[in-house]
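Working from the sequences, and respecting the hints, build out all of it.
Single-letter residue listing:
There are 2 protein chains.
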Amino acid sequence: MVCGSCLWWNRSADSSTTEVSEPLPQPEHGVTVVFVALPNTKIELLEPLGDGSPIAAFLARNPAGGIHHICYEVEDIRSARDRLKSAGARVLGDGEPKVGAHGKPVLFLHPKDFCGTLVELELA
Amino acid sequence: MVCGSCLWWNRSADSSTTEVSEPLPQPEHGVTVVFVALPNTKIELLEPLGDGSPIAAFLARNPAGGIHHICYEVEDIRSARDRLKSAGARVLGDGEPKVGAHGKPVLFLHPKDFCGTLVELELA
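Chains A and B, in that order, are what the protein sequence lines are.
Going by the working numbering, the first sequence opens with residue 79, and the numbers climb by one from there.
Going by the working numbering, the second sequence opens with residue 79, and the numbers climb by one from there.
No lab work stands behind these hints, which were simulated from the structure alone.
All copies of an identical chain are treated as equivalent in the list; a pair is satisfied when it fits inside any one copy or across any two copies.
Calculated pairs, EDC-like style, for lysine to aspartate or glutamate (alpha carbon to alpha carbon, straight line, at most 20 Å):
(1) 163 - 191
(2) 190 - 125
(3) 120 - 200
(4) 163 - 151
(5) 120 - 198
(6) 190 - 122
(7) 182 - 106
(8) 182 - 172
If you want it as structure tokens, here you go:
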């Protein structure tokens, strides 16, 4: 979820029952992230960091913010990639996993192949 | 996720390891839905049904589809609503829960109060 400074971020940080991380700058990815840990999923709040942030275009198209992508944890990221590729999905970039926000390998899949939805795969 | 006929829908339905529902027309909500049950969450695929579908405007803005909303399960939907209202969030419609796709009470919160994200609450 791309988020500047909104009600959700501010209020969530007040909560004593939900685990909310400190803002974590990730200069190599051009974003600052906050993770909100729920019992069965995580919400990732994203804010552009620096010039040429990869989410700058998204915010230009969605000035109020919005849901940027969804992430699925997978047991074997290369096997998942190859299965999706064989089904016709396009993998972004050079197709090789990169280290993501949790220090784990991640890949992104082309939104045009998933109903306009940017899909991230992360090694569980 | 708003989805016409895409790779994801078609391929997921082939999977023998993932529970994918049959398309379920919901004329009263103006959508046809498919649920993909994952171990810790559900993906809801939405397709407009009939004239004046509530997702028609979304598809007009996002012809390729996209992520339409996120849904949080809550233990007490009126208590959750009141807490969010007291924090400044706006509840859509008349503010009273309606019966959603799972036959459970649901509410929607104003995207402008959640970084451009349409948020649904559903009674767990």
